[in-house]
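Novice: Sequence:
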Amino acid sequence: MVVWSLRAKIRFSAIYSRHFIFALQFFSNHLVDNYEPKDHKPFKWIPVPELSEKKSIMDEIVIFLLDGFKNQESQMYLHVANNGYVYDNTLKVFPGYPLLLKGALYITDNSFIHQAYLLQLLSFLINTGLFILAADIIYSLSRLVLRDEYLAYKAALLFCINPSSVFFSAHYAETFFSLCLFLGLYFLEKNGMGILSAVFLAVASFTKDVGFLNLIFIAYFSMKNVAVETILFVRKRKNGKSPEKSIPDIFQDIWASTFFPGICNVLAATVPFVFFQWFSYTAYCVRSTNNFHADLLKNGKFRKMPPMPNENISSWCMDDTPMSYFYIHSTYGNFGIAQFRDIDELPLLLLSLPAIVLIGSQIYNFFLVNRRYALRFGLIDNALLGIPKLRVPPLVPTQSLPRETFIYLFHSIVLVVATSIIYPAQEVTRHLCSGSPILYWIAALATTPAQTSLVPILNLKDDNREEVANRVEKRLNLRNEHATILLQEKECGDMGNLVKFFFITSFLVGTGLYANDYPWA
1 MVVWSLRAKI
11 RFSAIYSRHF
21 IFALQFFSNH
31 LVDNYEPKDH
41 KPFKWIPVPE
51 LSEKKSIMDE
61 IVIFLLDGFK
71 NQESQMYLHV
81 ANNGYVYDNT
91 LKVFPGYPLL
101 LKGALYITDN
111 SFIHQAYLLQ
121 LLSFLINTGL
131 FILAADIIYS
141 LSRLVLRDEY
151 LAYKAALLFC
161 INPSSVFFSA
171 HYAETFFSLC
181 LFLGLYFLEK
191 NGMGILSAVF
201 LAVASFTKDV
211 GFLNLIFIAY
221 FSMKNVAVET
231 ILFVRKRKNG
241 KSPEKSIPDI
251 FQDIWASTFF
261 PGICNVLAAT
271 VPFVFFQWFS
281 YTAYCVRSTN
291 NFHADLLKNG
301 KFRKMPPMPN
311 ENISSWCMDD
321 TPMSYFYIHS
331 TYGNFGIAQF
341 RDIDELPLLL
351 LSLPAIVLIG
361 SQIYNFFLVN
371 RRYALRFGLI
381 DNALLGIPKL
391 RVPPLVPTQS
401 LPRETFIYLF
411 HSIVLVVATS
421 IIYPAQEVTR
431 HLCSGSPILY
441 WIAALATTPA
451 QTSLVPILNL
461 KDDNREEVAN
471 RVEKRLNLRN
481 EHATILLQEK
491 ECGDMGNLVK
501 FFFITSFLVG
511 TGLYANDYPW
521 A
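Mapping of the sequence shown onto the numbering used here: position 178 corresponds to residue 178, and the numbering continues sequentially without gaps.
Treat the hints loosely; a few may be bogus.
As the list claims (entries may be wrong) - The list that follows gives simulated cross-link-like pairs (lysine-lysine, DSS-like), each with its CA atoms no further than 30 Å apart:
(1) K490 to K500
(2) K224 to K190
(3) K44 to K55
Unchecked claim - Distance ranges between label pairs, derived from CB positions:
(4) D319 to R391: 51 to 59 Å
(5) G360 to M58: 47 to 55 Å
(6) S315 to R391: 54 to 62 Å
(7) I107 to V271: 21 to 29 Å
(8) L476 to L51: 44 to 52 Å
(9) F27 to E466: 34 to 42 Å
(10) M323 to R376: 53 to 61 Å
(11) Y16 to V286: 43 to 51 Å
(12) L476 to G360: 35 to 43 Å
None of these hints come from the bench; they were simulated from the model.
The beta carbon of each residue, even a glycine, is placed where N, CA and C say it ideally should be.
Hey, can you work out the whole structure from these sequences and the hints?
Specialist: Below you can see the structure in the form of structure tokens.
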């Protein structure tokens, strides 16, 4: 009988979770009536060429199987992939994922299916494939940062059933963004700032606006490299030892290893955002010769079409620094916390509360255990200062992640604040699930039974040994594609049970609500 490795188990979990999401949206879509909003008109994708009344067999199959995924903001992604940026409210969607769909559509034969339905099919298949890769990569990243096989494995399994899981299968950019982000962070942790980290972080920034916050990681790794080089040099001089390098040599090393790669990575994270703002300005504020399809022109009420009279130009075009970003979110996106004007909207705010509480509690626990390290912003290790290294308290009793996760916790704070201000509050969890691995690490630690022994990683290259797998996963599970410890572990405390309840309930209920177009998904 085959004994599966932990990495193989993660891949199977990712595959089966996508199958389950697909089945759940299918039954929800066909058994429950769709929600019909009364107070606003949601964006609707206008497929080009126009849909005909006579549909092929493949058209009918896609409608029958995948129609539950074509709701809410996914309409914008499909519209941009199909037609480009025709209406100004579609500027809320960054171009990375639509371009990926457009490229896949270009190389695929659509003679047997209408282009609109082929686009939906490709989106679902691409997201499924990318999700499996993302689960694999978050496992590799977790091994690098957490240095524990059990926690890394558990975090990857939790990613497969994350609270916003339906958005990773629907026509959204979440899966593509997560994959690029995790790859960028993986290469940043493994090799430092280099070409690979720059490329993947650039693609992430081109895919979602919150990718701009990856600058935090780049700045942190740059400052840490400078701090290490400087402290080592000063210590040698202070101890009367002759440094191997002079001050000019140190500056040269810092430039070569930190400043230059850092500048390249900063440009990689910022240029996509700046480029998209420039594109928006040229597309919507400058007279254009674009010829749009007649079916799109009929719906110009969604946008002031170029070419356009000067008096109809969007107000942001007249700003000293004409940026569409804040205008689009404030005009079309219910600008964050400011949207709450009625007590009836309070449940929408509560939807993101569990994830925010999890992060807040971890920050509190982390500061209790690593106060001095946190106050030094995680830049300076005791060993570098010549101070005896403090004994690291056990992770499970303290419920504090390793101190290597400091910058990820800091990034999550900024991510929560930024998305709470810019996006509707109920979307904060979605951005946390796709924009950071920290939620999965916190959940992995919280759901670890007190009697469980963690499995420190001694060799990062060795992730397939059966001996290690047996210490993490149950022997019978390693011979079974479906079963994992995730739902089998019982004694994980009140917090652990609440975390499991949050993940599983959101996974199930959220998918059903989304498939029927409810805003609480």
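Novice: Against each hint, give a clear statement of whether it holds in the structure.
Specialist: Evaluation of the provided hints:
1. K490 to K500: Between K490 and K500 the Cα gap is close to 11 Å, so the pair holds against 30 Å.
2. K224 to K190: holds, 15 Å
3. K44 to K55: holds, 20 Å
4. D319 to R391: 51 to 59 Å: holds, 55 Å
5. G360 to M58: 47 to 55 Å: holds, 48 Å
6. S315 to R391: 54 to 62 Å: Check passed, 59 Å falls within 54 to 62 Å.
7. I107 to V271: 21 to 29 Å: 27 Å Cβ-Cβ, so the 21 to 29 Å window holds.
8. L476 to L51: 44 to 52 Å: holds, 50 Å
9. F27 to E466: 34 to 42 Å: Distance hint for F27, E466 holds at roughly 39 Å.
10. M323 to R376: 53 to 61 Å: With a Cβ separation near 36 Å, M323 and R376 fall outside 53 to 61 Å, so the hint is violated.
11. Y16 to V286: 43 to 51 Å: holds, 50 Å
12. L476 to G360: 35 to 43 Å: Once the Cβ atoms are compared, 38 Å apart, the range 35 to 43 Å for G360 and L476 holds.
Hint compliance for this structure: hint 10 is the single one not met.
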